[in-house]
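Novice: Sequence:
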Amino acid sequence: IIAYSPHADPMQAVGLGIRLVSLEEVMSESDFVSLHSSLTPDKYKMIGAAQLAMMKPTAYFINIARGALVDQAALVDVLRERRIAGAGLDVFEVEPIPVDDPLLKLDNVIVTPHWSPATTDIWIMTGQATSNGMLRAARGNVPENVVNPQVLERAGFQAKLARFSENRDIQE
Numbered sequence: 378i379i380a381y382s383p384h385a386d387p388m389q390a391v392g393l394g395i396r397l398v399s400l401e402e403v404m405s406e407s408d409f410v411s412l413h414s415s416l417t418p419d420k421y422k423m424i425g426a427a428q429l430a431m432m433k434p435t436a437y438f439i440n441i442a443r444g445a446l447v448d449q450a451a452l453v454d455v456l457r458e459r460r461i462a463g464a465g466l467d468v469f470e471v472e473p474i475p476v477d478d479p480l481l482k483l484d485n486v487i488v489t490p491h492w493s494p495a496t497t498d499i500w501i502m503t504g505q506a507t508s509n510g511m512l513r514a515a516r517g518n519v520p521e522n523v524v525n526p527q528v529l530e531r532a533g534f535q536a537k538l539a540r541f542s543e544n545r546d547i548q549e
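Heads up: take any position in the sequence shown, counting from 1, add 377, and you land on the working numbering.
Some clues are possibly wrong.
Said to hold, decoys possible - Below are the EDC-like pairs computed for lysine to aspartate or glutamate, each with C-alpha atoms no more than 20 Å apart in a straight line:
| hint | residue 1 | residue 2 |
| --- | --- | --- |
| 1 | Lys482 | Asp467 |
| 2 | Lys420 | Asp467 |
| 3 | Lys433 | Asp448 |
No lab work stands behind these hints, which were simulated from the structure alone.
Could you build all of it, start to finish, from the sequences and the hints given here?
Specialist: Pasting the structure below:
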């Protein structure tokens, strides 16, 4: 397994049997390119015509992350021209996907309605993570896995945490 992530821990990747490579290597070497990323301004349409052109004609592109990570028009072009084998898509630039979207007319595309993470285990883990984050904040501690860490430095957030830290009676 190869992967691209500017934030991955190289030692953890090795421990999992994953070789970290460049995005270009992932796109050109993979039989299946599966996109798993958050959407931030710098990642908007990070997969465009140039990246899709690197893919093998026998490769499949899978996106279960965020639709806006991919230039959907460029994806339609490579699929229509069969420059890649196919795609599995759970997310789209516009959701719900319009009924006249060209992706829906292609026989080498499988689409699902932004529902890939809907498993019992995921719902349980999400609930637990949310509860744990709220409890950490209620105790005056910074929640784990903050998506927008710049908020942590704001005076308003710091003031709330200071007030919450007085709630020492909240049990572990």
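Novice: Now look at each hint and say whether the structure bears it out.
Specialist: Against the structure, the hints come out as follows:
1. Lys482 / Asp467: 16 Å, holds
2. Lys420 / Asp467: Holds, at roughly 18 Å.
3. Lys433 / Asp448: 18 Å, holds
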